[in-house]
Amino acid sequence: MKSEAWIFVICSVFMVLVTPAYWFVTAASEEGGDWTGTSALVMCTLLFLMITVYLGFHAAKMDPRPEDRSDGEIAEGAGEYGFFPPFSWWPLWAALTFGLVVLAVAMAAWWLLIIAAVLGLLALAGWNFEYYRGDFKH
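Following the working numbering from start to finish, the sequence shown increments by one per residue and tops out at 236.
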């Protein structure tokens, strides 16, 4: 986790330097500073900082992994990595429902938005409870 944290530290420092530079470069134009781009860069900077802090806290609490040690061997990383869910159709239905929501908002068809919201709740409920019934319950 320490190597990942350092990657995000570097990205965070880059974003902290680029964001005010972007504002000053765009402020030199006749229209003034670009609020949209600067706001997007500020949000990206905050997201990078959030991930940096998260990885930094977890790196401090974890034992060093083989990747984090200079004497680590490749064979030390072998073994079980955790649970990976089997094949599922529910993400497809959730994505199609989200597409329907976007279409309803774009067309200002509020009746379609209500239908999409109901379908979305069904898709999320199915996705959430798929491991409680059927072949993959545990």
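For the record, the hints were derived by calculation from the structure and aren't laboratory data.
One thing to keep in mind: the hints can contain errors.
Unchecked claim - Derived lysine to aspartate or glutamate pairs resembling EDC-like cross-links, with alpha carbons at most 20 angstroms apart:
#, residue 1, residue 2
1, Lys100, Asp169
2, Lys159, Glu102
3, Lys100, Glu174
4, Lys100, Asp166
5, Lys159, Glu228
6, Lys100, Glu165
7, Lys100, Glu171
Claimed, not checked - Derived Cβ-Cβ restraints for the label pairs, each shown as a range:
#, residue 1, residue 2, range
8, Leu217, Ser137, 30 to 36 angstroms
9, Glu129, Gly177, 56 to 62 angstroms
10, Ser127, Met148, 29 to 35 angstroms
11, Ala204, Ile108, 37 to 43 angstroms
Where is the CB? At the ideal position from N, CA and C, for every residue including glycine.
Now the hints, each set against the structure:
no., hint, verdict
1, Lys100 to Asp169, "15 angstroms, holds"
2, Lys159 to Glu102, "14 angstroms, holds"
3, Lys100 to Glu174, "17 angstroms, holds"
4, Lys100 to Asp166, "6 angstroms, holds"
5, Lys159 to Glu228, "33 angstroms, violated"
6, Lys100 to Glu165, "9 angstroms, holds"
7, Lys100 to Glu171, "17 angstroms, holds"
8, Leu217 to Ser137: 30 to 36 angstroms, "33 angstroms, holds"
9, Glu129 to Gly177: 56 to 62 angstroms, "58 angstroms, holds"
10, Ser127 to Met148: 29 to 35 angstroms, "31 angstroms, holds"
11, Ala204 to Ile108: 37 to 43 angstroms, "39 angstroms, holds"
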